[in-house]
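Q: The lines below spell out each chain.
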Amino acid sequence: MSDLLYSEIENDLRASVREVLDDKAPWTAVLAGTEKAEPYDAALWRAVAGQLGCAGLPVPEDLGGAGATWRETAVVMEELGRSTAPVPFLGSAVTATAALLAAGERDLLGRLASGGTIAVLAVPFSTAPGDGTPEVRAADGAVTGEVTSVADGMAAEVFLVPADGGLYAVDAADARRTAVTSLDMTRRLADVAFSGAPARLVAEGPDAVRAALLTGAAMLASEQLGLAERCLDDTVAYVKTRYQFGRPVGSYQGLKHRLADLWTSITQARAVARYAASCVASGALAGGSGGSPPQAGHGHDDTAVAVAVAQAHCSAVAVKAAEECVQMHGGIGFTWEHPAHLFLKRAKADSIALGTPGRHRAALAGLADLPPA
Amino acid sequence: MSTAPPDAEELERRVGEFLAAHDPSAGEPLEFLRARFDAGLAWVHYPEGLGGLGAPRSLQPAVDRAFAEAGAPTNHPERNGIGLGMAAPTILAFGTDEQKRRFLRPLWTGEEVWCQLFSEPGAGSDLAALGTRAVRDGDAWTVNGQKVWTSMAHEARWAILVTRTDPDVPKHRGMTYFVCDMTAPGVEVRPLRQITGEAEFNEVFLTDVRIPDEHRLGEVGQGWQVSTTTLMNERVAIGGARSPREGGMIGVVAALWRDRPELRTPDLHDALLRAWVETEAARLTGERLRQQLTAGQPGPEGSGAKLAFAKINQEVSGLELELLGEDGLRYDDWTMRRPAEVDFTRRSPGYRYLRAKGNSIEGGTSEILRNIIAERVLGLPGEIRVDKDVPWKDLPK
Ligand SMILES: Cc1cc2nc3c(=O)[nH]c(=O)nc-3n(C[C@H](O)[C@H](O)[C@H](O)COP(=O)(O)OP(=O)(O)OC[C@H]3O[C@@H](n4cnc5c(N)ncnc54)[C@H](O)[C@@H]3O)c2cc1C
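Line by line, the protein sequences are chains F and S.
Just so you know, we're using full-length UniProt numbering here: the first sequence kicks off at 1 and counts up by one.
Just so you know, we're using full-length UniProt numbering here: the second sequence kicks off at 1 and counts up by one.
Hints listed in this document are in silico derivations from the structure and should not be mistaken for laboratory results.
All of these numbers come straight from a predicted model, not from anything done at the bench.
Glycine residues also receive a C-beta, built at the ideal position from the N, C-alpha and C atoms.
Treat the hints loosely; a few may be bogus.
[What the hints assert, rightly or not] Each pair of labels, with its calculated beta carbon distance range:
#	chain 1	residue 1	chain 2	residue 2	range
1	F	T335	S	S58	15 to 23 Å
2	S	G54	F	N11	23 to 31 Å
3	S	L192	F	R18	50 to 58 Å
4	S	A62	F	D369	44 to 52 Å
5	S	D97	F	D12	39 to 47 Å
6	S	A184	F	K240	46 to 54 Å
7	S	M232	F	K240	22 to 30 Å
8	S	D267	F	G330	33 to 41 Å
9	F	D191	S	A8	23 to 31 Å
10	S	G122	F	G330	33 to 41 Å
[Stated by the list, open to error] DSSO-like, lysine-lysine: derived pairs with alpha carbons at most 30 Å apart:
#	chain 1	residue 1	chain 2	residue 2
11	F	K240	F	K36
12	F	K240	S	K388
13	F	K348	S	K311
Bound-form chain S, shown alone (with noise of 0.2 Å):
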């Protein structure tokens, strides 16, 4: 059973050899990704039966190109980034035999879509003051609560929820992870309109949902330790996505700077150039990131990088809009929509310089992350914490 994980040949091979007994082209999509996943090539670093084969997570890119190139269907990962990203990777660590069955294959193949219910109106960088309370009531819970800025909730089956279970032991102490079904009685999906016009998150009110003890992930009161996996591998999956130069939202600026000379102006140039150099310099931090991850030497850079990566696009989408002078004044649809994903290259500049706004804000703060970085990497004292020893429920709210 336990062989030697395959290197880039063996799974240069096993594509090739799904690929001639699976006809990209014709069939089920669906049917397609199923067979994909249970051939291990789905991520390949993922354990034996559930979508991997233990191999390098370094190999996953030649084997998405292989299916890539062949035409395969996709999985359209911009459509489920939380569950691709942060929903995955904490059942993976904390999810039993028969959760890490039922959940990682629909959430994989795209079948079923999943969201993130951990903020709260009073709850956001301080994730750990969260009050949505989860009762044990015989083999399941019941919770009541208010979750807010919960992005594609209305897209989702399956969310992961944090829940306070013990009010009476300090914060970080008291709270439970579970996975909650997204069409149970109770869960009720608001649109909350954004600076954009659309609405890409809600608030999500739970009333008297019941949610079974086996959709528990982790102990009961560890619900902190298995959110902070959540949001490491939140911050890597922001920070961390692999580009060309002139990849994002340099790319875009770039071109119309090329396409339209009668725009240029000499102060207009040099910030183009100095967002140029800071784009490739926080590119090649990335490249070397993931060097460090495939040699085994995890770095602490994956905070940086997605603090540099709010920085820049705040940066270079505001220079779009300079660059365009008049055109600049025009916005494309303030229409109110729920899209069923983001993307930042397909609507109007004005939405770009909108949108980027939000990248110091979601998934921690530019603010928490500096205090992350100084804390943990540079090793200076914390901040002070007048809630650290205080019962929940004594907490000022």
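Chain F with its partners taken away, still in its complex shape (with noise of 0.2 Å):
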């Protein structure tokens, strides 16, 4: 069985990062960062990705990364999710540094392990690991095609887009696009249009594709996880100093047990991410499919199941998480001037991301033999 604990090299990464986040994006800035016109905060990103290198944990070191796995990745992902920070972490740092990590491709993944260069995958935020991807063509070096609701897409200085089976690396100067509205508005979304936009070949075949999206969802886990927790803790410490009939508001039970029962469920969070982000981090990407229920630790991969049910339980808990800070928090969680807000939107948005809960049960009914009606 993998090791689900945390290593005393991950907990100082937690450290410093969490430093960093203190300092640099207090929910005041991020709040008051999702009503300015840049798309992300660019201050933030070089110091998280650049300064601490946490962009190029999972990358070799001879590739410019720092040689460490998507575990150590895992505990970033929970740092940033438990401060809603707006960097392109998940789009550039995950999902298409391990599209690039499975393409074999060297000379653009070094300049996103170093930070200096944003890259996106050009697909729906919303489009599960398995799932087919926009209808964009591919001919004579250039692609054409559009794609709505990308993560980040304002951010992005290349996108990795696929098309026509494979997947091609696009200057974003060469795409057209436009700013989203976006439930989430510290992680944005762009519609994105390429006529014609030059683009140079990347992998063949939609492994690298799937091996990207299937990490996007077990670092994904490990967000919600952090966002959770933060939830959690805020609003344990306001009931604790919210007096109501002469008696802290934690003192109801009727409270009590909602938070103990909400603190059981992260606990599972944690124990199911930390599988999803061992098994990314040790396996090759294939996914077993089909057969009776594979296994966990006996030999063959079980990413594909880990990530699957961490996608399911952790996406749940975190929107739980979210919902009960509102709601134990009463009127002021309501408010634009509160944190919970940020805290709902991105549980929300991140549980329709790379898979609702169900499209990741769905993915279960297959890999563990259990079809539908």
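Two chains, each in its own frame: build the complex with the hints.
A: Take a look at the structure:
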């Protein structure tokens, strides 16, 4: 069985990321950022991706990365989720990076690893691993087609575009982008159109895209875990100090029991997110399918199951945590001037991103041999 | 004497040596089990001389596996859950050397089954309200009272028993903990028939039962502290068992789903997948909990694990009946019996559905567990305690 705990190095990494985020991305700054024109916080990105070196964690050292694994990236994702940090980390340092690693690409990968370049996979953010991608045609070194709801699409300098069964790198300057008013303004979407945009073939076949989405979904579970923990922490702190009827509202069982249940779900979220991170860190991303239920830790690759379980579980837990956060804060939790809505919007958007819980359960039906009616 | 505790390799060597010296398939099973205990290979994390070698607890599964693979006789842990999971750690923590020597060996070998005389008609969740009186009489105690819901009392040779020894102080302070001989005069065990038709548990009437003072566990008045150790071990025992994927209740329903395509409906498919995910999440959480314990970072996840275990068992067993449709209307047997163990898989789906209802009551109700998590883990304010400073004898009953 994989190690589901955090190593000392991971704890140190967490501490340094949290320090930077506490300093540069307090919720007041995150909130203010949602009303600015800039699609993401460039200074924060430079600090996390560049100075802390977080963007290149899973990239081998000889390719310009840190030579760590997706387990460490997952810890960064937890912290970014905690703060709803408006940086294109999931898009560039996770999904695009995973695609390039799977493709064996070296040049662009090195630039992503340093945080110097931002690349984004050009698919709707709701795309689940195994889903089809929008119809984009590739011919004569150019791509043509439209892709809606691309996460961090306005931040991207390079798009990785699935087209005609291959994956192409396209300079963002050669695409027409329209900013989308997004449910989650801390991770904004863009509609992207390519019309004969010059394109370089990065990978043939669907494997790189699949690996990218699977890795993205695994890492998203850790983001959801961090977000859920933040919601619980803030809520517990609040109900201890808010008095009604002469007592802290946190002394009422109606709230205590719901918070206990939430805590229990979060302990489970941590276990499944760690397991998914371990699987993508160690696994070839082939993903078994069919047959009787794949047994965890019995030789063959359990990544597909681990990721589907993590997404089905963590999506729901993060949404629940954010909803309870709003409710248990009462009126103040419903205001713009309180972070609860940032959490709720991120949590709800995350639950749709990279496949809804239902979509991941449907994947499990195949993986665990539980066919539909 | 005090050398470093054995590691995995050393344990493997000792098991090999032991098996070479004791043919697992020949001879008296009991003699084999006693010899295994004396070799320190019973529960390796226990101290030397008491069935263990002071080794890390995480090395136990490998030892058990090695004995099972050799076809060695088993001590039937399923028949002595209270003894192994609750009485033993309490005796280890609070017993005198003499008590440890006397009780642990036959407990582990299964010669002596244990039960738990805690709950009373007036004291369930509020265990500290209990009223069974123990009065000192020279070098013994005289005990009078009634216990209830006592699982396996009809099989038990010994019991762990909490009593009231001082009614004049607030409830938590006036309790004392004993080991009670279930064959002693004045101990009367009557079956209590339960929701499933059978009687796992009993009411136990204690009338002028004499317990020698050397069977007291812990100090006089320390009964609450000793009980807390028992209860903590109970929750770890209930929620923390290791299981493979699709182990337990979900495996039964998944197999049914695969075997009987005609039963499938879209809404049950969704329910099944939700339960499958939930079970897997609980399983991985249990795994993580054990890794934490092994790494010496005991987390508070144990109480959450018991809570989740009850919820899943109830959901999945309910799902199984619904999936069965017409067959879900039938039950296997309402005959009143007094079983020697609880086995979820050998009985019918209806039995599983009904028996699972006990999971959120036994070993601390789910509501009490939520209170514990809210207060001890999240640090939320405690329940209002109207009885905290009131002498036990003045409490409303
Ligand atoms: C199958 C089974 C086996 C058992 N085996 C044993 C055994 O071997 N030995 C033994 O000693 N006992 C045993 N028990 C007893 C068990 O420990 C008690 O039933 C349990 O602690 C609850 O106590 P009670 O039944 O008195 O319910 P009560 O405590 O009266 O509870 C009634 C309801 O009130 C709720 N409640 C109580 N207090 C609070 C509170 N503060 N906040 C919110 N809700 C509250 C409870 O959750 C429950 O829903 C067994 C029970 C079962 C079902």
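Q: Indicate, hint by hint, whether the structure satisfies it.
A: Hint-by-hint comparison with the structure:
1. T335(F) to S58(S): 15 to 23 Å: 49 Å Cβ-Cβ, so the 15 to 23 Å window is violated.
2. G54(S) to N11(F): 23 to 31 Å: At roughly 29 Å between Cβ atoms, N11(F) and G54(S) fall inside 23 to 31 Å, so the hint holds.
3. L192(S) to R18(F): 50 to 58 Å: Roughly 54 Å apart at Cβ, these two residues keep to the hinted range, so it holds.
4. A62(S) to D369(F): 44 to 52 Å: Taking Cβ atoms as reference, A62(S) and D369(F) lie about 30 Å apart, which means the hint is violated.
5. D97(S) to D12(F): 39 to 47 Å: At 45 Å between Cβs, range holds.
6. A184(S) to K240(F): 46 to 54 Å: holds, 50 Å
7. M232(S) to K240(F): 22 to 30 Å: Given a distance of about 25 Å, which is inside 22 to 30 Å, the answer is holds.
8. D267(S) to G330(F): 33 to 41 Å: holds, 35 Å
9. D191(F) to A8(S): 23 to 31 Å: violated, 58 Å
10. G122(S) to G330(F): 33 to 41 Å: holds, 39 Å
11. K240(F) to K36(F): Violated: K240(F) and K36(F) sit about 34 Å apart, past 30 Å.
12. K240(F) to K388(S): holds, 22 Å
13. K348(F) to K311(S): holds, 25 Å
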